[in-house]
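For the protein sequence lines, the chains are L and E, in the order given. Residues in the first sequence are numbered consecutively from 21, following my numbering. Residues in the second sequence are numbered consecutively from 4, following my numbering.
It should be emphasised that the hints constitute simulated quantities derived from the structure, not laboratory data. Among these hints, one or two may not hold up.
Stated by the list, open to error - According to the in silico footprint, chain L covers these stretches of chain E (three or more CB under 8 Å from chain L):
no., segment
1, 81-90
2, 111-118
3, 160-169
4, 220-226
Stated by the list, open to error - Beta-carbon label-pair distances, calculated as ranges:
no., chain 1, residue 1, chain 2, residue 2, range
5, L, A198, E, P81, 35 to 43 Å
6, L, A149, E, A41, 48 to 56 Å
7, E, G119, L, D116, 57 to 65 Å
8, E, D210, L, I209, 41 to 49 Å
9, E, G243, L, K207, 23 to 31 Å
10, E, N213, L, G251, 46 to 54 Å
11, L, R231, E, A41, 36 to 44 Å
12, L, R231, E, D210, 50 to 58 Å
What the hints assert, rightly or not - Computed list of chain L residues with no C-beta within reach of chain E, every gap over 12 Å:
no., residue
13, V78
14, P113
15, T129
16, M158
17, L187
18, P204
19, G281
Glycine residues also receive a C-beta, built at the ideal position from the N, C-alpha and C atoms.
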Amino acid sequence: MNRLDDALNTVQRMEHGKRELPFSCVHPLALFLTAAVFLVLLTSIPKNRLDLVLAMGVWVYLYALLGKMSIGEILKKLWALFALLFLVGIANPFLDRKVLFSLGTIPITSGMISMLVLFLKGALALIFASFLASSAGMAGILSALSMLHLPPVLINVIYLIYRYLSLMLREASLVWTAYRLRAPGQKGIHFGTWGSLVGMMLIRSMDRAARLYQSMELRGYRPQTAFVTRGRFDQKSLLYLAVCLATLLLVRFVPVFSFIGSFMVD
Amino acid sequence: MSLLDVNRVSFSYVKGKPVLKNVTFSVEEGETVGIIGANGAGKSTLLKLLVGLLFPDPMAGTAMEDGWISVDHQQVTPKSLSRIRQQIGYVFQDSDIQLFMPTVAEDVGFAPKNYGFSKQEVAQRVTRALQMTGTYELRDRSCLELSGGQKKLVSLATVLSMSPPLLIFDEPTSALDPKNRRLVMNVFRSLPETRMIVSHDLDLVLDLCNRVILLCDGKIVRDGNARDILSDENLLEENGLELPLRLQK
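Model the full structure from these sequences, guided by the hints.
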């Protein structure tokens with residue numbers, strides 16, 4: 021199986037979320053609200069508070085353990101994005117050289133800490149977004165957005181973009197297979213063919229998308245209608261939301277690591 | 004009583020090059036009509052006009068001169084589309100185009116939901132449509148996991164959930180193995196609705212249809228009894244077709 025097929029399978033699995041995950045029985049709205057609050061609290065952490073980001077990291081780790089979700093799998097799948105995150109704060113160590121403390125003979129500057137904080141924030145946000153996608157699924161996320169009274173048109177646009185992604189991946193996989201069959205022994209795609217191949221893939225996927233949209237129109241689809249299913253927000257989901265929000269607020273506003281550190285120093 | 008009226012319809016994608024020329028016919032309630040013709044005869048254009056996927060657009064150079072199409076005595080216009088599409092169930096040739104929701108049940112319930120039926124009514128319609136096509140046990144399966152024959156039957160269920168009086172099938176048995184072909188044909192036979200089948204599979208048309216419309220270069224060459232037309236070797240050959248396998252010596 022090539023990488024495109026692998027990506028396609030991932031997108032398809034996302035469609036409804038992994039039903040066997042412990043948090044999949046929680047209402048999508050609770051999952052979505054938890055993720056939203058998590059992101060807000062995470063981004064609100066000041067750039068030099070490594071202790072708070074680490075505490076958030078521990079929270080995410082425990083969440084993954086309870087939810088039987090693999091952080092390693094996400095790191096493996098999204099490694100390119102994690103690598104890009106490093107670039108976000110790469111200039112900080114050069115711009116902010118104020119030494120905070122030394123690790124042996126290595127001086128640790130404020131810029132290094134802020135770079136690390138930025139990277140960890142980005143990584144945690146990506147990991148938690150992946151958790152949300154795998155436990156709630158796309159249908160669940162859209163249903164949550166619908167319950168939050170987002171305009172149906174906007175929900176439909178998100179849905180159609182998502183559907184187009186899987187359609188494009190499928191076409192890309194077909195084009196790639198057709199190319200490989202007629203270019204045996206070649207590593208990757210020849211640079212002279214890239215342009216026409218990508219162009220063909222886009223044309224094919226757009227044509228397919230247009231036909232699919234026609235099929236939806238024939239069955240009464242209008243962008244003004246949100247066709248997502250809304251489930252019942254039960255007590256279990258309420259309990260999940262309450263516990264998650266309480267622990268998140270605790271981790272964000274009570275500097276647990278600093279307490280432990282100061283206690284040890286004393 | 005006629006359910007579908009196509010009256011003097013001409014259509015061109017590019018000005019001066021009509022793909023349909025003065026096409027006129029009616030389909031009565033309960034009929035099963037086969038539309039046949041070689042590639043490029045105008046079959047697909049005709050189907051798209053029937054369900055309102057194509058409209059004359061002077062800006063794009065398309066035109067439908069003074070003709071009209073009506074379904075259940077209601078003319079096909081942009082304003083009447085919502086009602087027209089409840090009257091016609093269109094089953095695409097490519098089932099992957101037809102099936103786009105995550106599960107079979109959701110796909111079958113897509114149209115009733117869009118037309119505002121209650122949750123209970125949607126569930127009833129889904130169950131009925133799946134039972135009619137013998138696919139009820141597939142209701143929770145992902146559409147991606149189905150075989151070609153199952154996809155075709157589920158595609159049919161997606162339109163049956165709206166109980167349309169007129170069903171249109173575009174190449175219903177293409178890419179199906181003989182067993183699945185027979186299965187799909189048996190389900191088609193059991194449907195009480197008025198049916199139109201567009202196909203190159205002339206054996207299928209001979210089996211299912213009592214009337215055939217033969218198109219060539221955008222014109223109706225012959226409209227009549229299926230057996231008479233499909234056994235006329237000269238007529239078929241003149242119009243780029245061959246006798247059904249069953250009738251070949």
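Hints, one by one, checked against the model:
1. Residue count for the segment 81-90 of chain E with a Cβ under 8 Å from a Cβ of chain L: 3. That meets the three needed, and the coverage hint holds.
2. Evaluation of the coverage hint for the segment 111-118 of chain E: fulfilled, as 5 residues show C-beta separations to chain L shorter than 8 Å, against a requirement of three.
3. A stretch counts as covered by a chain when three or more of its residues have a beta carbon under 8 Å from one of that chain; for the segment 160-169 of chain E and chain L the count is 3, and the coverage holds.
4. Remark: the segment 220-226 of chain E is not confirmed as covered by chain L, as 0 of its residues place a Cβ nearer than 8 Å to a Cβ of that chain, below the required three.
5. The hinted window of 35 to 43 Å between L:A198 and E:P81 holds, with their beta carbons roughly 39 Å apart.
6. At roughly 53 Å, the beta carbons of L:A149 and E:A41 sit within the given window of 48 to 56 Å.
7. Taking the beta carbon of each, E:G119 and L:D116 are about 59 Å apart, inside 57 to 65 Å as hinted.
8. Here the CB-CB span from E:D210 to L:I209 is close to 47 Å, well matched to the stated 41 to 49 Å.
9. Roughly 46 Å separates the CB atoms of E:G243 and L:K207, a value that falls outside the hinted 23 to 31 Å.
10. Checked against the hint of 46 to 54 Å, the pair E:N213 and L:G251 passes, with Cβ atoms roughly 48 Å apart.
11. Between L:R231 and E:A41 the beta carbons are some 22 Å apart, a value that contradicts the proposed interval 36 to 44 Å.
12. About 28 Å separates the C-beta atoms of L:R231 and E:D210, a value inconsistent with the hinted range of 50 to 58 Å.
13. For L:V78, the condition that its CB be more than 12 Å from all CB atoms of chain E holds, with the nearest at approximately 35 Å.
14. The Cβ of L:P113 lies farther than 12 Å from every Cβ of chain E, with a closest approach of about 46 Å, so its non-interface assignment holds.
15. For L:T129, the shortest C-beta to C-beta distance to chain E comes to about 50 Å, beyond the 12 Å cut-off, and the non-interface label holds.
16. Annotated as non-interface, L:M158 brings its C-beta within 12 Å of a C-beta of chain E; the closest such distance is 8 Å.
17. The beta carbon of L:L187 sits about 9 Å from the closest Cβ of chain E, which is not more than 12 Å, so the claim that it is off the interface is violated.
18. A cut-off of 12 Å between C-beta atoms confirms that L:P204 is not in contact with chain E; the least separation is 27 Å.
19. Distance check on L:G281: its Cβ is at least 48 Å (rounded) from any Cβ of chain E, clearing the 12 Å threshold; non-interface status holds.
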